[in-house]
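Novice: The opening position of the sequence shown corresponds to residue 1 in my numbering, with each subsequent residue numbered one higher.
No wet-lab data here; the hints were simulated from the structure.
It is possible that part of the hints are untrue.
[What the hints assert, rightly or not] Okay, the calculated beta carbon distance ranges per label pair:
1. Ser29 - Val7: 21 to 29 Å
2. Glu119 - Glu24: 25 to 33 Å
3. Leu92 - His54: 16 to 24 Å
The model shown is predicted, which means the values in this text are computed figures rather than measured ones.
From the three backbone atoms N, C-alpha and C, an ideal C-beta is built for every residue, glycine too.
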Amino acid sequence: SFDILWVWMCMIQCWNNTVNEMNEFNQNSGDDSFGCKFMGWYSSFSLVSMMGSHCLVVYYLMNHLKTMDPSCLNSAKGVGFLSFSLLLVACLFASMPLMQGDGYALTSGGFCYADFTNEAQASVILF
1 SFDILWVWMC MIQCWNNTVN EMNEFNQNSG DDSFGCKFMG WYSSFSLVSM MGSHCLVVYY
61 LMNHLKTMDP SCLNSAKGVG FLSFSLLLVA CLFASMPLMQ GDGYALTSGG FCYADFTNEA
121 QASVILF
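Generate coordinates for the entire structure from the input sequences, incorporating the hints supplied.
Specialist: Structure, rendered in structure tokens:
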């Protein structure tokens with residue numbers, strides 16, 4: 001599943017935060033730190049990829065339970081196309097704060113994520 005990427009990225013960053021003292025890879029070093037950008041990217045990526053992959057699972061289960069009728073989307077190519085499209089959209093969504101230049105925001109809970117006070121980022125999240 002697509003949530004494995006989030007698990008590994010979070011584990012790497014948490015391990016760094018536990019073993020090392022405050023450094024550039026720690027997300028609490030500030031909004032402009034590499035750690036905040038790293039956490040913001042993989043968290044934003046996982047928002048789209050995990051929710052999208054769960055929708056794909058539901059879609060294919062519903063189709064499988066209804067009929068065994070083969071179609072383009074029920075083929076291996078169809079699954080590959082939808083999975084690739086989902087990962088591409090997740091990458092674009094996660095990279096939007098970097099491309100826009102505003103970056104990610106460090107929340108009061110110590111997590112970096114898309115900046116919900118930024119109108120463009122908030123609109124895309126709500127869409």
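Novice: Looking back at the numbered hints, which does the structure fail to meet, lowest number first?
Specialist: none
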